[in-house]
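J.: Could you build the full structure based on these sequences and the hints that come with them?
Chains as they are written, first to last, in our numbering: chain U, 452 to 830; chain Z, 452 to 830; chain H, 452 to 830; chain L, 452 to 830.
Hints listed in this document are in silico derivations from the structure and should not be mistaken for laboratory results.
The reader is advised that the hints may include incorrect statements.
Stretches of chain Z that chain H covers, calculated by requiring three or more beta carbons in the stretch to come under 8 Å of a beta carbon on chain H [stated by the list, open to error]:
#, segment
1, 481 to 495
2, 503 to 517
3, 774 to 780
Computed list of lysine to any residue pairs in SDA-like fashion (alpha-carbon distance at most 20 Å, straight line) [as the list claims (entries may be wrong)]:
#, chain 1, residue 1, chain 2, residue 2
4, L, K492, U, H506
5, Z, K820, U, S661
6, U, K492, L, L493
7, Z, K684, Z, P627
8, Z, K820, Z, Q634
9, H, K684, L, T725
10, U, K820, U, S564
11, Z, K492, H, T483
Just so you know, these numbers come straight off a predicted model, no measurement behind them.
Even glycine gets a Cβ: it sits at the ideal position worked out from N, Cα and C.
There are 4 protein chains.
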Amino acid sequence: MRQSSLPDLGIGLIGTGFMGRAHALAFQNARTTFDLPVNLKLHALADADAARAEHCARAWGFDHSHADWQQLISDPAVNLVAITTPNHLHCPMAMAALEAGKAVYCEKPLAVSLDQARAMHSAAVKAGVVTRVGYNYQHNPIIGLARNMIESGELGQIISFQGEFSEDFMGDPQSPWSWRCEQAHAGGALADLGSHLLAMARYLLGDIESVCADSQTVHAQRPAEGGSPQQRKIAVDDQTYALLRFANGARGTFGSSWLKHGYKNHLSFEIGGTRGTLSFDQERLNELRLYRAGAPGRDGFQQILAGPAQPGYAAFCPAPGHQLGYNELKTLEVRALIQALCGQTSEGPDFAEALEVERLATAIRVAAKEMRWVTVSEV
Amino acid sequence: MRQSSLPDLGIGLIGTGFMGRAHALAFQNARTTFDLPVNLKLHALADADAARAEHCARAWGFDHSHADWQQLISDPAVNLVAITTPNHLHCPMAMAALEAGKAVYCEKPLAVSLDQARAMHSAAVKAGVVTRVGYNYQHNPIIGLARNMIESGELGQIISFQGEFSEDFMGDPQSPWSWRCEQAHAGGALADLGSHLLAMARYLLGDIESVCADSQTVHAQRPAEGGSPQQRKIAVDDQTYALLRFANGARGTFGSSWLKHGYKNHLSFEIGGTRGTLSFDQERLNELRLYRAGAPGRDGFQQILAGPAQPGYAAFCPAPGHQLGYNELKTLEVRALIQALCGQTSEGPDFAEALEVERLATAIRVAAKEMRWVTVSEV
Amino acid sequence: MRQSSLPDLGIGLIGTGFMGRAHALAFQNARTTFDLPVNLKLHALADADAARAEHCARAWGFDHSHADWQQLISDPAVNLVAITTPNHLHCPMAMAALEAGKAVYCEKPLAVSLDQARAMHSAAVKAGVVTRVGYNYQHNPIIGLARNMIESGELGQIISFQGEFSEDFMGDPQSPWSWRCEQAHAGGALADLGSHLLAMARYLLGDIESVCADSQTVHAQRPAEGGSPQQRKIAVDDQTYALLRFANGARGTFGSSWLKHGYKNHLSFEIGGTRGTLSFDQERLNELRLYRAGAPGRDGFQQILAGPAQPGYAAFCPAPGHQLGYNELKTLEVRALIQALCGQTSEGPDFAEALEVERLATAIRVAAKEMRWVTVSEV
Amino acid sequence: MRQSSLPDLGIGLIGTGFMGRAHALAFQNARTTFDLPVNLKLHALADADAARAEHCARAWGFDHSHADWQQLISDPAVNLVAITTPNHLHCPMAMAALEAGKAVYCEKPLAVSLDQARAMHSAAVKAGVVTRVGYNYQHNPIIGLARNMIESGELGQIISFQGEFSEDFMGDPQSPWSWRCEQAHAGGALADLGSHLLAMARYLLGDIESVCADSQTVHAQRPAEGGSPQQRKIAVDDQTYALLRFANGARGTFGSSWLKHGYKNHLSFEIGGTRGTLSFDQERLNELRLYRAGAPGRDGFQQILAGPAQPGYAAFCPAPGHQLGYNELKTLEVRALIQALCGQTSEGPDFAEALEVERLATAIRVAAKEMRWVTVSEV
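T.: Encoded structure:
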């Protein structure tokens, strides 16, 4: 078969966990789903476990595998480094990739501290390459519709935001300690879940100027992993609530909890404007609830189903209502990344944006600790 | 027909607006629906408009009418004074009734200032009579079920509360000024709507110890009433958001807005415990949403319909799922009041409780104004 | 107090069960809620148990009580006879009332056989009085909105109807036999529940021309009442399904079951037109779900809340979203009845209409028994 | 990289439309998502348009492309032939593949006539190979849970089925004629949509013994394609409704319409048992609604979210509530197909099962045409 005349884009993926495979699927599916302006090549996969790296490379269609991620980064055929390792490795890997002049696609959160995030952003600026961070929920076509409605003024002036990202995977006090329970690994409900919601709030409404917050560790100790009878102390937040003041004048509330029983992926928000209201829940990711101020007695919240009228949907399915899944949001994220690499868009959260998300999360932490309003720009 | 051997209870009702009629219906329906321990007599109805007072008295089944509410209070056959007038009249009427040794059933909010509320509470203590305030939403049988679940420990330790009471009746910037826009009449979204939610939060979870808050007047002026071209300045809040810390350790968020398009009676909350979650929305007042931590993969939020298994429901309908309406919550409120008068219960929000609600609302106002955390007991 | 100058309308109510009290409440509330063109007097209440009749008369505000319903009918001060007794008594009572020239308000179903229904209709025609039958669900203001939408052509030409009325009160095979299990008392799911849905279908879409159906007795025997170990044979249907062809060309399905676990009052339907769809469920009686064909990608089902824009609602509450209850549908039914008595409307299901409902139910029974399509006019 | 020691399975895919790409994605994703017992090779892709075949082959990762599908079938490296062409081509392609001894994976409907379906089934039996038909909705993990509940007796004896598959893509009378409007291409709402629901009903409840039905062509003509002013006559059904009698004794209703405004993929059903009820709607494909008969007053419908407790889900995402999409149902379908090819399962609809679905659809057509009950085995 003839070779494509498009330029090659060599992907190097680090990590073979849930997110590693999600990236692999997303690269494959972006290639099959969209007419990309590059010849996307799954060039190399790295995992510290050489056998696993090789096994996954074969199963996922990568040409090469590495036990040493530095080899992957230094391979000249790798143009883009995708990082899906535990949080504390994001910084060293991204710094190395940027140093080597590679574009970087890093899972969220960007870093385990604001200082790290600052350093990574500086390195990205210096390298002058494209970076993207995996706040995948904002690539949902129906979220794109929400953003269009907000930006076009369809809801009037935006005046309120109520957001909550709750799950229950730590709801059982016997759920064991894990690295997510360590501050040093960017653990806690705020970092793990809340940061997604903060990124979404910024994506839809822009800058947040000041915050006041309340954080709590409900279960101060948890069993060690692996059925050990030992108890480990927990220092990170189980739940965090905040008041938000947006630069555009909107006010609102924020919540994140990993103790809220019944919720599995409840990234939800409601945005109020002077002419309408919209709400969304990631647990029904193909629906947007919209109210437009209208004729009394005939008005009501409308339930809009995802469909091909929203950018990005049609490539997966020509018919509305057929439902995208979580993994397809990653595919859309990869498409946006490729488009950015080809200069077709500047959309999508890069290291600069991810730094702002970290700054905001840090401001919330300070506000909760010091029990006072905090101006985000002061941290 | 033989006369009842039960003692008479003479009702004197002041006010003939929406709430006046709601009370009249509630008294009638309580009599027909429940086996009350008194012979409930609709004795007198007062309205400053004598003709209206007489017309309504006849239509609503009252024996007498008055243009002067003080005559109603001084009538010895009146045992209970029900007050449904505009907010600023609650205090003088209740004070007069208490002075006369009458039981008082006052619409919410109790008063237009914390000082007034304190004076009314003192007078009630001194009079030693039964008082009740119209926080009717807590008489919903399914709210009773929610409270039982919380008190019995079915949800475990309560750790979170997210509540919002939003409507949209002031959502249009052209909605005219009314007395509800005056602080001196206990206007604003916090007083008008939020106080219901604060009363509900206290009913379900008990004392709130400290608050931080943010209030905003979005539309700083509105047209005067009656189509006048004149604009009036607005000083009360259009929306107020707060963080709450409960005495039982729970943390959470609070919101009230009368600008939230699409909502008509959205008194809603979600309460999280260490073993389950429940949520409620007054716009579906016959439903409770409940999640009990259970077997993974078979668990899910349950939608419980109101029915005769919940105290108070069966008197209206022997079959579940047939739906109570807003007015029937008033009927249940009247039943609780009668039971209190007969010493059968001490349940129900009295002036002492309503004072606590006012104190809490005031703390939220102070916190918003001074942009700091406020201990409720300090106000 | 001055007497009203309006003409008196003396009510005579027979029966003191759930429906008896529902009627009493409805008469009282209609008087208080609406400006009726008559002076509605609760004149007499009859129950075979004299003591109960007297007790209820006092509690419900009736002036007189009777153990003998014939005395009630013959009382010249009684203008309207309301019948809430078990089904097999509807016919003799209504016939006597009509014979006496009284208006009749009879609970559904009209009769226990088609022959009875025919006789009652003939008597009503001969008497020339107003009759009404308690298909109360159609008095819901939001159902009125639905009907307006259909009649105004807002949904285009109506082409489909899917309706189901299911409950689960006989779902447990150990639920004992009752008179509702006897054909001779108009028992079975079709008569008890389905007739409400047939009345609703006719109210909204008009005549049904032909039907095909399938009926089943799932639990062929049930325990006798009162904990008796004896089993009784059951001959009536537990569930009935049908195909419907409407005179207006619409096609659809019908279901009624008293075995459908989880449903408590699931009178539900969806009506499809060439320009839109609407659906309703009595378990959320204050909501109408509406879809209007519109711009792709921005359209979706709308959830309309009951409110004062719909005729009849405002009298109960000036604010939308505050929810009417089941009992208030009876109040609206009484208002329509009074208006009919005063010649202000001819709306509302009378004996002629109730006869058509019985004819339709009979056609469904014949179709099920003979396993063939049946033209409704042939029965 | 070392080669896999697993046996190769060469895929030959015919068709490059929406379904062709869906198959390509599904094969790729099955390889990456599951540990398959074969080395799945995307060997060849065929499309009558040679350039398109080549373009798609490259984009989708196939090694070869063909303009002539017969070449694809005769290629010895092709073990499995996947057919995604228009319906009338299913038969000749499948017959050729079976003749060549290849396994066949054919999109639904199997054929454009019952005779064709019979011939294809006979050929499959003679060839002795694995066949599968694309009734993908039944591969949804939460449908698997539903089936387990039914088979385990958790719902008791199954007594009712209400199902409807409605969409609105032909709802506008100006939606033009297409091949889906031709009987000869297995057009009409019953064949296009209804057959999915019939397959689902059989998957969950087994054989259907007899049917009665009503079919209607609402819009008897439609514009020709491409903006032509010409009108074309339409003979296929716009909506079909039926009564169903299952071999297990359950009774119920069936509906399919492509005119039902507001619905985009409303494959929905409710199944009633003597101990519970479950319902499902493909427009919320990650949810199952379940009611288990329980303690009065605490019971209610439960909303179960898809999650890793259900077979097949975890491979896509380790966390519940993250939502699978439509395309992932195809991936699960491919996994079941591969497992069948490896003798690991006999599950999944094969040509024998698809023939039964065609027989059932034919029985419904006969019943509608002759307006009588039809025993399915008689057609």
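J.: State for each hint whether it applies.
T.: Evaluated hints:
no., hint, result
1, 481 to 495, "holds (count 4)"
2, 503 to 517, "holds (count 9)"
3, 774 to 780, "holds (count 6)"
4, L:K492 x U:H506, "16 Å, holds"
5, Z:K820 x U:S661, "15 Å, holds"
6, U:K492 x L:L493, "16 Å, holds"
7, Z:K684 x Z:P627, "11 Å, holds"
8, Z:K820 x Z:Q634, "14 Å, holds"
9, H:K684 x L:T725, "18 Å, holds"
10, U:K820 x U:S564, "16 Å, holds"
11, Z:K492 x H:T483, "16 Å, holds"
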